[in-house]
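Put together the whole structure using the sequences plus the hints.
Each residue of the sequence shown is one higher than the last, beginning at 4 in the working numbering.
Treat the hints with care, since some could be wrong.
To be verified - Dumping the calculated EDC-like pairs for lysine to aspartate or glutamate here, alpha-carbon to alpha-carbon at most 16 Å:
#1 455 <-> 474
#2 536 <-> 578
#3 330 <-> 357
#4 93 <-> 108
#5 166 <-> 108
#6 589 <-> 516
#7 589 <-> 519
#8 70 <-> 108
#9 428 <-> 448
#10 580 <-> 503
The set of hints was computed from the structure by calculation and includes no laboratory data.
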Amino acid sequence: MISRVMKWFNNISIRYKLFISFLAVITLPICLFLIVNMYYTSNEAEQRTYYSLGQVQSQTKSLLEYKAESLKNLLDMLVLNDTLVEISTKGNEYYADNIGFWMDDNGKLTKVFYINQYFPDIASHTFYMRSGLASVVETDEYKRLSTVEDSAWFRQLIENGNKVQWVRGIGGEQTISAVKSIINTQDLSNISGIISLDIPVSVLRATLDKSLFTESTSAYIVNSANEVICSSKNTTGTNYPGLLSFIESGKGAQPGKGWVNERISGEDFVLGSEEIANTDWRFVLAIPYRDIRMVGDKTRQQMLLILLIVAPLTLPLSFVVSASVTKRIHKLIMHMNKVVDGNFNVGILPANNDEIGQLTRNFNYMLTKMSMLIDEKFKMGQEMKSLELKSLQAQINPHFLYNTLDLIDWISVKDNSIQASKLVKAMSRFYKLSLSNGKDIVTIENEIEHVKTYVQIQNMRFENKINLLIDIPDTIYNCLIPKIILQPLVENSILHGILERSGESGTIGIQAEILDHDIRLIIHDDGAGMSNKILSYIPRGVATNESHGYGVQNIDERLKLYYGSGYGLSYKSEEGKGTTVEIRIKAIHKEEGKENQLHIT
Numbered sequence: 004m005i006s007r008v009m010k011w012f013n014n015i016s017i018r019y020k021l022f023i024s025f026l027a028v029i030t031l032p033i034c035l036f037l038i039v040n041m042y043y044t045s046n047e048a049e050q051r052t053y054y055s056l057g058q059v060q061s062q063t064k065s066l067l068e069y070k071a072e073s074l075k076n077l078l079d080m081l082v083l084n085d086t087l088v089e090i091s092t093k094g095n096e097y098y099a100d101n102i103g104f105w106m107d108d109n110g111k112l113t114k115v116f117y118i119n120q121y122f123p124d125i126a127s128h129t130f131y132m133r134s135g136l137a138s139v140v141e142t143d144e145y146k147r148l149s150t151v152e153d154s155a156w157f158r159q160l161i162e163n164g165n166k167v168q169w170v171r172g173i174g175g176e177q178t179i180s181a182v183k184s185i186i187n188t189q190d191l192s193n194i195s196g197i198i199s200l201d202i203p204v205s206v207l208r209a210t211l212d213k214s215l216f217t218e219s220t221s222a223y224i225v226n227s228a229n230e231v232i233c234s235s236k237n238t239t240g241t242n243y244p245g246l247l248s249f250i251e252s253g254k255g256a257q258p259g260k261g262w263v264n265e266r267i268s269g270e271d272f273v274l275g276s277e278e279i280a281n282t283d284w285r286f287v288l289a290i291p292y293r294d295i296r297m298v299g300d301k302t303r304q305q306m307l308l309i310l311l312i313v314a315p316l317t318l319p320l321s322f323v324v325s326a327s328v329t330k331r332i333h334k335l336i337m338h339m340n341k342v343v344d345g346n347f348n349v350g351i352l353p354a355n356n357d358e359i360g361q362l363t364r365n366f367n368y369m370l371t372k373m374s375m376l377i378d379e380k381f382k383m384g385q386e387m388k389s390l391e392l393k394s395l396q397a398q399i400n401p402h403f404l405y406n407t408l409d410l411i412d413w414i415s416v417k418d419n420s421i422q423a424s425k426l427v428k429a430m431s432r433f434y435k436l437s438l439s440n441g442k443d444i445v446t447i448e449n450e451i452e453h454v455k456t457y458v459q460i461q462n463m464r465f466e467n468k469i470n471l472l473i474d475i476p477d478t479i480y481n482c483l484i485p486k487i488i489l490q491p492l493v494e495n496s497i498l499h500g501i502l503e504r505s506g507e508s509g510t511i512g513i514q515a516e517i518l519d520h521d522i523r524l525i526i527h528d529d530g531a532g533m534s535n536k537i538l539s540y541i542p543r544g545v546a547t548n549e550s551h552g553y554g555v556q557n558i559d560e561r562l563k564l565y566y567g568s569g570y571g572l573s574y575k576s577e578e579g580k581g582t583t584v585e586i587r588i589k590a591i592h593k594e595e596g597k598e599n600q601l602h603i604t
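Next comes the structure, spelled out in structure tokens:
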């Protein structure tokens with residue numbers, strides 16, 4: 004996809020390239036600025052939201068603590084009231100014979116509990132007595148202690164000692180009661196009664212409702228048993244089925260640990276928790292994270308609106324600027340097209356001092372030199388053809404030709420006409436392969452045939468002292484290679500390797516393999532070899548001794564010209580054991596019907 008776009012961009016006119024570039028230069032910084040601005044603005048808005056949430060949470064916590072502290076202080080005062088302590092310890096027999104005593108003490112208790120009128124949150128109160136008034140007659144305000152001794156909250160109250168206990172449902176399903184025990188002054192290990200102050204759940208709910216940051220925010224009061232004893236008006240049990248269960252599980256935010264993110268029932272929530280002093284409560288605030296994100300939506304929308312307004316304005320500006328810049332280039336191209344069509348009689352364009360002016364001056368200069376360059380190119384072409392002919396003639400080794408002709412003459416003298424015929428045919432085949440119909444690039448199969456023919460002729464000369472072994476996969480034979488690469492190296496192996504060893508006979512092996520996208524050709528002989536000192540004289544692994552026949556030193560340079568500096572020849576040799584030449588070229592297969600597919604790089 005990217006390459007297709009780049010190809011399209013490279014093929015459009017420079018006018019449209021400049022138009023797109025100017026448009027990008029103007030638009031991209033604006034877009035980048037808006038994106039960065041939206042990012043930081045959104046983060047800042049989110050931080051402000053968290054700060055506001057913290058303030059709301061802190062204020063609600065303070066209000067709940069104030070209410071709890073007020074009830075605690077009232078309970079502390081009531082359980083120490085002499086009248087309550089005295090009446091809670093009076094025996095049943097005290098009231099049994101005289102109803103007037105009961106009425107008198109009832110009036111005293113009414114006066115004591117009248118103080119509750121100054122606490123509007125208190126809906127009712129209950130005085131549980133082990134004996135006293137309730138033992139004679141129970142009312143809504145006076146009850147026997149035995150009626151609650153089997154309850155869980157009573158046992159919890161006894162375990163917690165002389166502390167305020169917060170219980171839901173004692174004074175009714177929609178009430179929360181603060182209870183505290185009265186110590187028996189006659190037996191400090193026991194209690195003589197319990198005072199319960201009942202406040203409606205609606206009072207706490209009204210406080211929680213003030214903490215609702217958004218319409219979807221939920222607030223809870225959870226006790227130490229992870230029971231929700233009160234929640235805000237928008238009960239989340241309906242809107243978010245899993246939220247209530249999650250909070251009652253005790254997971255999520257811990258008191259004083261700040262805000263945490265939780266995913267509940269497929270919705271992301273931000274949870275915060277704070278402990279309420281003088282209670283076993285914790286105040287939990289749950290806000291859908293989407294509500295927090297919505298705070299920054301307005302800013303983002305404003306930024307996008309600015310982008311939508313600015314972007315269209317950049318289009319005509321970019322077009323006008325690009326058209327102004329490319330106007331002179333267009334004129335220059337028109338003149339160049341005339342020259343391409345062969346019309347050199349074009350007017351001289353005015354040239355300014357900018358880059359386009361420099362192009363114009365250079366174009367005018369080239370027009371005046373064009374004829375000279377054409378003539379020079381024609382002469383150079385003639386010289387190149389002459390050099391190619393000389394190079395082709397130089398490829399034929401005159402010494403080898405003379406030696407072969409002498410051999411033919413010697414064989415003919417001995418009247419061995421059949422052997423002479425074979426030699427002449429081999430000689431013809433050798434030079435036909437050398438010339439290759441004027442082609443510079445041949446197949447590896449052609450090169451191997453060239454080597455075989457050469458070795459055949461040499462074996463006629465040296466009485467079959469050279470054994471040639473070829474081990475090349477069929478898939479490599481069709482690969483391309485510059486011509487006359489292998490034969491000079493084989494010639495070098497024969498003349499300066501095998502014929503210089505004792506016995507003047509030996510074996511030459513040619514192997515080939517494909518490594519990745521390259522071909523590695525190896526020519527090995529078991530000739531005399533050479534010392535490291537002599538080997539070091541070979542620059543880039545190529546011998547420089549002109550007596551080696553064909554200029555072997557040129558082979559490495561030719562290969563590097565065709566394939567690059569990473570290709571060419573490398574030598575290994577050991578005295579008395581032979582020499583190995585490695586030829587590395589690119590693996591390029593010959594395509595059907597195509598020639599000269601390999602070019603100088």
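Hint by hint, here is what the structure shows:
Note on residue 455 and residue 474: the hinted pairing holds, with a Cα-Cα distance of about 13 Å set against a maximum of 16 Å. In summary, the hint linking residue 536 to residue 578 is supported, as the alpha carbons are separated by about 11 Å, within the 16 Å threshold. Between residue 330 and residue 357 the alpha-carbon distance is near 14 Å, which keeps this suggested pair within the 16 Å criterion. A distance of roughly 10 Å separates the Cα atoms of residue 93 and residue 108; the hinted pair therefore holds under the 16 Å criterion.
Distance check on the hinted pair: residue 166 and residue 108 sit about 27 Å apart at the alpha-carbon level, beyond 16 Å; violated. A threshold of 16 Å between alpha carbons decides the hint, and for residue 589 with residue 516 the separation of about 11 Å falls inside it, so the pair holds. Taking the CA atoms of residue 589 and residue 519, the gap is near 9 Å; set against the 16 Å cutoff, the hint holds. This hinted pair does not check out: residue 70 and residue 108 have alpha carbons roughly 30 Å apart, beyond 16 Å.
At most 16 Å may separate the alpha-carbon atoms for a hinted pair to count; residue 428 and residue 448 exceed this at roughly 19 Å. Under the criterion of a C-alpha separation no larger than 16 Å, the hint pairing residue 580 with residue 503 is consistent with the structure, at around 12 Å.
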